[in-house]
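Assemble the whole structure, with the sequences as input and the hints as a guide.
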Amino acid sequence: MSLLTVNDLKVHYPIRGGFFRRVVDHVRAVDGISFELQPGETYGLVGESGCGKTTSGRAIIGLNKSTGGEMLFEGKDLAKMGRAERYKHTKDIQMIFQDPYSSLNGRKNVLNIIAEPLRNFERLSPKEELLRVQELVARVGLSPESIYKYPHQFSGGQRQRIGIARALALNPKLIIADEPVSALDVSVQAQVLNFMQEIQKDFNLTYLFISHDLGIIQHMCDRIGIMYRGRFVEEGTADEIYNNPQHVYTKRLIAAIPEMNPEKRFEKMHLRQSINEEYQTGYNNYFDKDGRMFDLKKISESHSVAMQ
Amino acid sequence: MKNTVTINEKDLIAREKLNNPSFAKTIWREIIHDKMAIISLILLIIILATAYLSPLFIDQVALKRVNFLNTWKAPSAANWLGTDDGGRDVFGQLMIGARNSFTIGIAVTLIAGVVGLSYGLISGFYGGHVDNVMMRFLEFMMVLPTTMFIIVLVTIIPNYNVVSFILILSIFAWLGKARLIRSRALQERELDYINASKTLGTPSWKIMFFEMFPNLSSLVIVNMTLTLAGNIGIETGLTFLGYGLPAGTPSLGTLVAFARNPDIVQNKWWVWLPAALLILVMMLCINYVGQAIKRASDARQRLA
Numbered sequence: 001m002s003l004l005t006v007n008d009l010k011v012h013y014p015i016r017g018g019f020f021r022r023v024v025d026h027v028r029a030v031d032g033i034s035f036e037l038q039p040g041e042t043y044g045l046v047g048e049s050g051c052g053k054t055t056s057g058r059a060i061i062g063l064n065k066s067t068g069g070e071m072l073f074e075g076k077d078l079a080k081m082g083r084a085e086r087y088k089h090t091k092d093i094q095m096i097f098q099d100p101y102s103s104l105n106g107r108k109n110v111l112n113i114i115a116e117p118l119r120n121f122e123r124l125s126p127k128e129e130l131l132r133v134q135e136l137v138a139r140v141g142l143s144p145e146s147i148y149k150y151p152h153q154f155s156g157g158q159r160q161r162i163g164i165a166r167a168l169a170l171n172p173k174l175i176i177a178d179e180p181v182s183a184l185d186v187s188v189q190a191q192v193l194n195f196m197q198e199i200q201k202d203f204n205l206t207y208l209f210i211s212h213d214l215g216i217i218q219h220m221c222d223r224i225g226i227m228y229r230g231r232f233v234e235e236g237t238a239d240e241i242y243n244n245p246q247h248v249y250t251k252r253l254i255a256a257i258p259e260m261n262p263e264k265r266f267e268k269m270h271l272r273q274s275i276n277e278e279y280q281t282g283y284n285n286y287f288d289k290d291g292r293m294f295d296l297k298k299i300s301e302s303h304s305v306a307m308q
Numbered sequence: 001m002k003n004t005v006t007i008n009e010k011d012l013i014a015r016e017k018l019n020n021p022s023f024a025k026t027i028w029r030e031i032i033h034d035k036m037a038i039i040s041l042i043l044l045i046i047i048l049a050t051a052y053l054s055p056l057f058i059d060q061v062a063l064k065r066v067n068f069l070n071t072w073k074a075p076s077a078a079n080w081l082g083t084d085d086g087g088r089d090v091f092g093q094l095m096i097g098a099r100n101s102f103t104i105g106i107a108v109t110l111i112a113g114v115v116g117l118s119y120g121l122i123s124g125f126y127g128g129h130v131d132n133v134m135m136r137f138l139e140f141m142m143v144l145p146t147t148m149f150i151i152v153l154v155t156i157i158p159n160y161n162v163v164s165f166i167l168i169l170s171i172f173a174w175l176g177k178a179r180l181i182r183s184r185a186l187q188e189r190e191l192d193y194i195n196a197s198k199t200l201g202t203p204s205w206k207i208m209f210f211e212m213f214p215n216l217s218s219l220v221i222v223n224m225t226l227t228l229a230g231n232i233g234i235e236t237g238l239t240f241l242g243y244g245l246p247a248g249t250p251s252l253g254t255l256v257a258f259a260r261n262p263d264i265v266q267n268k269w270w271v272w273l274p275a276a277l278l279i280l281v282m283m284l285c286i287n288y289v290g291q292a293i294k295r296a297s298d299a300r301q302r303l304a
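Going down the list, the protein sequences come from chains A and B. Position 197 of the first sequence, counting from 1, maps to 197 under UniProt numbering, and the rest follow consecutively. Position 38 of the second sequence, counting from 1, maps to 38 under UniProt numbering, and the rest follow consecutively.
Treat the hints as calculated values from the structure; they're not laboratory data. Careful: at least some of the hints might be erroneous.
Computed far set for chain A versus chain B, every beta-carbon distance over 10 Å [stated by the list, open to error]:
#, residue
1, T5
2, N7
3, G18
4, N120
5, D213
6, A255
7, I257
8, Q273
9, N276
10, I299
11, H303
Straight-line C-alpha distance at most 27 Å; calculated DSSO-like pairs for lysine-lysine [as the list claims (entries may be wrong)]:
#, chain 1, residue 1, chain 2, residue 2
12, B, K25, A, K88
13, B, K198, A, K91
14, A, K108, A, K80
15, A, K251, A, K88
16, B, K198, A, K65
17, B, K198, A, K80
18, A, K127, B, K25
Nothing here was measured: the structure is a model prediction, and the numbers come from that model. Cβ coordinates follow ideal geometry from the N, Cα and C atoms, glycine included.
See the structure below:
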């Protein structure tokens, strides 16, 4: 059974206007996306900025209200749960935030930051709590005495690891990683990503990995969903998406990855030009008359594309 | 993980106490490290101790007795700061007055602070419709003419004393604070650490008062110290208008109010000048101590 099944998830925001601030239209931030997460896998959500990746992630964890569709976590719909019932699942779904500078409260030291979820869900004596936090801090590769320091005394990568330790404190099943490394510099990115893969094995975690960086997604994810304007454009395994992209948007996205080898520069340029031509001529195959994507159609067991 | 096992637990707890001092200890350390703050604190304690202990040594009945043979006497050995228009000792009035004024100032500040802080935090944290309703009520309260309402309430309340005066002043003192806190809380709630707390299952009231509030505390402390001065000023102003403390209760306001006559300003300085200076010195002291507390509340600004 899949861990999380998202069916036709919609997050619409009303646009108010007119004399009585009536709802005149909606911003369709997320407009009917569906995907499944199998236990232990990493699912990547990719897309340009503003395409609704973060909104989907936040809807799943409950920071945004979804306006339609269902999110089945272990068979139960998170969207229809009351507050008390939703609270029970807080332990199972955790989030790693994008910005390690604002996601840690600067007035609290590391001990209090990491102990926060433990204090909410587990009754531990101060000594037990201290040992648990020490263990978590050591697990994310920080020195044990750093628990008395404050967030501003750490570098960006270290802060992100504190955020990861906090998310791990409750032994969650699913972690939503919302661009966890986009605020870090490249040398630290690899470090944090490899570390995330390590703990995935240790804790048997499922990741919903949200990013706009195709290289990172390729490195991290088993399956990938490409998003554009709140809808899925293409979904498949990492291999299928990178080696056999079907939708023109995916092709353009992958062609935009910089080429390391200078000798292949012209080859790459021609590829981009041919894709651009395909985009100009074949536009109607990929987008309907309102510029909206078609529904996903299966072209193989794991690969589906939004084409006519 | 080996690191955690090798560390001695007693050692750890001792180190935790050393590295993780309570907020009171941090404030104390901060004040000690700031010369102005420690001088101010000592001065403030001396002034307040004198003011609050003076009733033990001053005959309050004698202080209120009018003596026409003794009016407008310049400072002398018998009357350290001279006498006023009723021949009453100014020094005694200054001490009792400082006590009354400070009590009123601090009580109003605290009540207004707590009410305004809670109101602003709730309004800003929830936002949306809650914020809308709460802010409309606040705006309604704000358009009421404050001074007139205080005067009316002072007149119609049957047994009018210091406590009811404090409560009447507090009704209108929290409004501005609530707005200030609410505007910062609205900013703060968009930050990820609040979202993180929500996803970690922390209840809303805990997020408000233990996550958000510490980040607003510098604002609150600065605002409280400034309004403490302002509230003593309000008391002074109302006493000047004749709607302040009940008749016969000395306050700094009564003494400063003497200064509306040019003759007194110029020739009988001993009546109003000490009270004015006392207000000034107290305000400066409160301000310096307040700044030290403000720094203690923010780990990035600490000197110690």
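Here's how the hints hold up against the structure:
1. With a minimum CB-CB distance of about 20 Å to chain B, T5(A) clears the 10 Å threshold, and the non-interface call stands.
2. The non-interface label for N7(A) is consistent with chain B: the shortest C-beta to C-beta separation is roughly 22 Å, beyond 10 Å.
3. A cut-off of 10 Å between C-beta atoms confirms that G18(A) is not in contact with chain B; the least separation is 19 Å.
4. Not every beta carbon of chain B lies more than 10 Å from that of N120(A), the smallest distance being close to 5 Å; the non-interface claim is violated.
5. Every CB of chain B lies more than 10 Å from the CB of D213(A), the least distance being 19 Å, so the non-interface label holds.
6. The claim that A255(A) lies off the interface holds: its Cβ sits roughly 33 Å from the closest Cβ of chain B, which is beyond the 10 Å cut-off.
7. Distance check on I257(A): its Cβ is at least 29 Å (rounded) from any Cβ of chain B, clearing the 10 Å threshold; non-interface status holds.
8. Look at Q273(A): its CB is around 41 Å from the nearest CB on chain B, clear of 10 Å, so calling it non-interface holds up.
9. N276(A), annotated as away from the interface, keeps every beta carbon of chain B farther than 10 Å; the closest lies near 38 Å.
10. Annotated as non-interface, I299(A) keeps its C-beta farther than 10 Å from every C-beta of chain B; the closest such distance is 36 Å.
11. The non-interface label for H303(A) is consistent with chain B: the shortest C-beta to C-beta separation is roughly 33 Å, beyond 10 Å.
12. For the hint pairing K25(B) with K88(A), the CA-to-CA distance comes to about 38 Å; that exceeds 27 Å, so the pair is violated.
13. Of the pairs offered as hints, the one joining K198(B) and K91(A) holds, with about 12 Å between alpha carbons and a cut-off of 27 Å not exceeded.
14. For the given pair, K108(A) sits about 34 Å from K80(A) by alpha-carbon distance, which is inconsistent with the 27 Å threshold.
15. For the hint pairing K251(A) with K88(A), the CA-to-CA distance comes to about 42 Å; that exceeds 27 Å, so the pair is violated.
16. The straight-line distance between the Cα atoms of K198(B) and K65(A) is roughly 14 Å, inside the 27 Å bound, and the hint therefore holds.
17. Between K198(B) and K80(A) the alpha-carbon distance is near 18 Å, which keeps this suggested pair within the 27 Å criterion.
18. Note on K127(A) and K25(B): the hinted pairing holds, with a Cα-Cα distance of about 22 Å set against a maximum of 27 Å.
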